[in-house]
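Protein chains: 2
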Amino acid sequence: MTAPKLDGRVERGDQTRRAILDRAAAIASVEGLEGVSIGRLATELEVSKSGVFAHFGSKEELQLATVRWAREVFIAAVITPAHRSPAGLRRLWRLCDAWLDYSTRRVFPGGCFFASVTAEFDARPGRVRDAIAAAHREWQRYLEESIATARELGELSADADPRQLAFELDAFTRATQDALLFDEQGVYTRARRAILHRLRAVATDPAVLPKSPR
Amino acid sequence: MTAPKLDGRVERGDQTRRAILDRAAAIASVEGLEGVSIGRLATELEVSKSGVFAHFGSKEELQLATVRWAREVFIAAVITPAHRSPAGLRRLWRLCDAWLDYSTRRVFPGGCFFASVTAEFDARPGRVRDAIAAAHREWQRYLEESIATARELGELSADADPRQLAFELDAFTRATQDALLFDEQGVYTRARRAILHRLRAVATDPAVLPKSPR
Numbered sequence: 015m016t017a018p019k020l021d022g023r024v025e026r027g028d029q030t031r032r033a034i035l036d037r038a039a040a041i042a043s044v045e046g047l048e049g050v051s052i053g054r055l056a057t058e059l060e061v062s063k064s065g066v067f068a069h070f071g072s073k074e075e076l077q078l079a080t081v082r083w084a085r086e087v088f089i090a091a092v093i094t095p096a097h098r099s100p101a102g103l104r105r106l107w108r109l110c111d112a113w114l115d116y117s118t119r120r121v122f123p124g125g126c127f128f129a130s131v132t133a134e135f136d137a138r139p140g141r142v143r144d145a146i147a148a149a150h151r152e153w154q155r156y157l158e159e160s161i162a163t164a165r166e167l168g169e170l171s172a173d174a175d176p177r178q179l180a181f182e183l184d185a186f187t188r189a190t191q192d193a194l195l196f197d198e199q200g201v202y203t204r205a206r207r208a209i210l211h212r213l214r215a216v217a218t219d220p221a222v223l224p225k226s227p228r
Numbered sequence: 015m016t017a018p019k020l021d022g023r024v025e026r027g028d029q030t031r032r033a034i035l036d037r038a039a040a041i042a043s044v045e046g047l048e049g050v051s052i053g054r055l056a057t058e059l060e061v062s063k064s065g066v067f068a069h070f071g072s073k074e075e076l077q078l079a080t081v082r083w084a085r086e087v088f089i090a091a092v093i094t095p096a097h098r099s100p101a102g103l104r105r106l107w108r109l110c111d112a113w114l115d116y117s118t119r120r121v122f123p124g125g126c127f128f129a130s131v132t133a134e135f136d137a138r139p140g141r142v143r144d145a146i147a148a149a150h151r152e153w154q155r156y157l158e159e160s161i162a163t164a165r166e167l168g169e170l171s172a173d174a175d176p177r178q179l180a181f182e183l184d185a186f187t188r189a190t191q192d193a194l195l196f197d198e199q200g201v202y203t204r205a206r207r208a209i210l211h212r213l214r215a216v217a218t219d220p221a222v223l224p225k226s227p228r
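Protein chains in written order, with our numbering: chain A, 15 to 228; chain B, 15 to 228.
Next comes chain A alone, as it looks inside the complex:
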């Protein structure tokens, strides 16, 4: 009858692991992944260094696990809510809108986790850079597929190019990183206006979209 005790230990281990990754992602969004170290996490979370080390083994493994964790947080904050809207143009708009909400609400204290760590690692080859690039590419592909679906449903003009349009929508959302630099929220309104304007230009029925940004 040792199973319950073992389960308890596994559960506590999982909780510790989650607490470490949550803190690591928060730090990385403000200071970058280089600011994330086993020693610092141990101090801030008041656990032993060997405890943190047992979960991740190395700084690089910790950084990779942090990228995976941030990806899950992003999916829960952006992809899942958008799925409440029907597939097509409505969901495409909700995806962009949920992204802007995720940035406004500071799901990560330093703004978008991926915007922070992309600039940090884009010129530094290695496994961490590859993991960041893969997560970023996954988001862009998801946008492209959502555009393609809206077009197949006849809600977007047949000549709308999914890759080009995804580039533009992604550019508008990411440019809101300025809100952090200038402590101003107007940039979110400008991003919503830009996205709605762009989508309206290719929508077969623009009435599906909100009239104006919130």
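If chains are identical, the list can't say which one is meant, so a pair holds when it fits in one copy or spans any two.
List time: in silico EDC-like cross-link candidates among lysine to aspartate or glutamate, alpha-carbon distance up to 20 Å:
| hint | residue 1 | residue 2 |
| --- | --- | --- |
| 1 | K225 | D175 |
| 2 | K73 | E48 |
| 3 | K73 | E45 |
| 4 | K73 | D144 |
What the hints contain is simulated information worked out from the structure, not anything from laboratory work.
Small disclaimer: the values here were computed from a predicted structure and weren't measured.
Given chain A's structure and the hints, the job is docking chain B onto it.
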């Protein structure tokens, strides 16, 4: 007759200072400004630490001088070439085009200096963040003024909003930071296509603009 000797010393000092800042900006574009330290620059440039220290006094002063240096490099690479085109829509397009050239040519080895350090400092209050924000805002204002001029010259539709349009053009140029992450150049074509499409939609005479991106 000591003046020539003194001049020679001043000139050598200026050369050293320029060499330090050039190296500091290159490092910062790849690794961020936190990667820039007096000790590292002394080692890489084979000068004494006290020599580097004499020029800047502290790491923060060195970081601030690096931001000012990068601003000058940006002006020489982007603003000056655009001034060869006449004021108005032609110059506005050339500004965006020169920005994309500056990024493609890797004027800074890590892509746009400001894109790298903005993500690093946007959530860290202080003098360095303020200097980065001021440089960034200056570029956006310059774009806004160029749009306003093109409108006053009757080359852009009267209802084109300079601040909104500047946000969108800036977003398209900055999104090319992906070229570093994915080692692909297609993103520059997508950015030029997006900018030309946007400008054509508000141009009173779209024939002023190139037909298609290079």
